[in-house]
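Asks: Sequence:
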Amino acid sequence: MKRLPLIVLTGPTAVGKTDTSIALAKAVGGEIISADSVQVYRYMDIGSAKITKAEMEGVPHFLIDEFEPDEEFNIFVFQKLAYRYMEEIYGRRHIPILTGGTGFYIQSVLYGIEFDESQTDFSYREELEEYAARYGVEALHERLRLVDEEAAGCIHANNKKRVIRALEYYHQTQHKISEHNREQQKKESPYRFVYFVLNRNREELYRRINLRVEKMIEQGLVEEVRGLLERGYTRDLVSMQGLGYKEIVAYLDGEYSLEEAIERIQKNTRHFAKRQLTWFRREKDVIWMEMEQYAGMQELLERMIDVLEEKGIFL
RNA sequence: CUCCAGAUAGCUGAGUUGGUAGAGCAGAGGACUGAAACUCCUCAUGUCACUGGUUCGAUUCCGGUUCUGAGCA
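To get our numbering, take the position in the first sequence, counting from 1, and add 13.
Some clues are possibly wrong.
[Stated by the list, open to error] Calculated lysine to aspartate or glutamate pairs in the DMTMM-like style (CA-CA distance at most 25 Å, straight line):
#, residue 1, residue 2
1, K259, D249
2, K199, D298
3, K39, E322
4, K259, E276
5, K280, D266
6, K174, E143
7, K259, E130
8, K173, E163
9, K63, D249
10, K200, E216
11, K297, E315
12, K174, E130
[Claimed, not checked] The following label-pair restraints were derived from C-beta to C-beta distances:
#, residue 1, residue 2, range
13, D266, Q198, 38 to 46 Å
14, K280, V251, 17 to 25 Å
15, Y148, V320, 51 to 59 Å
16, T65, D134, 37 to 45 Å
17, G267, E303, 40 to 48 Å
Since the hints were made in silico from the structure, they are not lab data. C-beta: ideal position from N, C-alpha, C; glycine also.
Working from the sequences, and respecting the hints, build out all of it.
Replies: Structure below.
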């Protein structure tokens with residue numbers, strides 16, 4: 014069975030993925046699938062640094078602007094849609110390029126992680142949430158230990174969200190999530206893939222992040238958030254937890270000044286970039302591209318195409 | 001000028017009734033398998049401004065110096 018080609022292009026936020034993805038897509042005849050948990054939402058453009066129609070330069074893009082901010086979107090939904098689009102792209106004899114900063118999403122597609130068909134059980138989550146509020150996170154963790162000792166050993170009691178998910182998993186499937194995870198971890202990718210991670214030196218990356226946040230404000234991030242609130246999207250939505258959105262909402266609610274909101278967005282974005290790098294470091298078969306090693310886009314592109322040829326992507 | 005207050009980790013602060021020091025933030029590292037731009041874990045030797053003195057021992061007490069703030073001119 015011949016493995017299908019897949020290009021992954023990722024890296025920490027503000028590293029320069031968007032520009033690179035367009036150049037690469039044009040060079041290899043690729044179509045882009047966005048692996049970004051915020052750009053999928055409509056009306057969230059400035060804060061998510063969403064690519065504009067003009068910047069796309071005619072390259073097809075998927076999973077951008079496909080959901081309303083109050084629709085449920087998660088990795089399960091993402092994966093299903095990504096596979097659907099990939100099939101279409103292969104049908105056109107094009108190469109899918111998975112681009113975006115959500116490492117978890119990329120992993121789910123690349124390794125074909127299997128998810129249970131059952132729907133998110135919000136009421137059960139809420140029930141556990143209340144249990145934790147009443148008896149403490151330790152007690153909740155103890156409940157997990159009773160049904161899945163291994164998972165309890167891996168998940169810190171303070172990590173309430175993960176503890177709840179592990180309990181939810183057991184509740185829905187009668188199986189231990191730790192066993193499920195162990196099986197999924199063994200998986201080999203069914204694709205002939207190249208996984209590029211763009212990177213640059215930390216100071217430079219942080220400088221770019223700080224600058225980008227300032228630009229977002231100039232471009233009207235505050236107005237964008239105000240618009241979202243006027244449309245009725247509230248701060249408790251998952252989409253509104255996005256970087257830049259939650260802080261501006263808090264500012265508009267009078268919790269702190271605009272200046273402080275800006276500083277918080279910058280800080281939180283730096284932290285996010287750091288977490289992304291931790292994720293990518295752990296991924297296997299990753300090809301790191303240090304941006305400062307290349308004089309410009311042309312040079313970077315040439316190097317990437319060399320790698321693609323070596324790996325037999327164009328076979 | 002002041003029988004005034006302060007000078008402690010990159011920043012902001014605690015503290016040591018004299019036995020060489022803790023926090024928060026920043027920063028670094030890590031985890032993550034249906035909320036993932038989420039959530040969570042780990043990481044501090046710093047001439048305790050400088051300089052004399054008292055003391056077995058001073059960052060901690062006393063004197064002086066420098067700087068900062070406040071006040072008075």
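Asks: Against each hint, give a clear statement of whether it holds in the structure.
Replies: For each hint, the structure was consulted:
{"no.": "1", "hint": "K259 <-> D249", "verdict": "holds (9 Å)"}
{"no.": "2", "hint": "K199 <-> D298", "verdict": "holds (14 Å)"}
{"no.": "3", "hint": "K39 <-> E322", "verdict": "holds (16 Å)"}
{"no.": "4", "hint": "K259 <-> E276", "verdict": "holds (13 Å)"}
{"no.": "5", "hint": "K280 <-> D266", "verdict": "holds (20 Å)"}
{"no.": "6", "hint": "K174 <-> E143", "verdict": "holds (13 Å)"}
{"no.": "7", "hint": "K259 <-> E130", "verdict": "violated (31 Å)"}
{"no.": "8", "hint": "K173 <-> E163", "verdict": "holds (16 Å)"}
{"no.": "9", "hint": "K63 <-> D249", "verdict": "holds (22 Å)"}
{"no.": "10", "hint": "K200 <-> E216", "verdict": "violated (36 Å)"}
{"no.": "11", "hint": "K297 <-> E315", "verdict": "holds (23 Å)"}
{"no.": "12", "hint": "K174 <-> E130", "verdict": "holds (20 Å)"}
{"no.": "13", "hint": "D266 <-> Q198: 38 to 46 Å", "verdict": "holds (42 Å)"}
{"no.": "14", "hint": "K280 <-> V251: 17 to 25 Å", "verdict": "holds (21 Å)"}
{"no.": "15", "hint": "Y148 <-> V320: 51 to 59 Å", "verdict": "holds (53 Å)"}
{"no.": "16", "hint": "T65 <-> D134: 37 to 45 Å", "verdict": "holds (38 Å)"}
{"no.": "17", "hint": "G267 <-> E303: 40 to 48 Å", "verdict": "holds (43 Å)"}
In this structure, the earlier hints numbered 7, 10 are contradicted, and the remaining ones agree with it.
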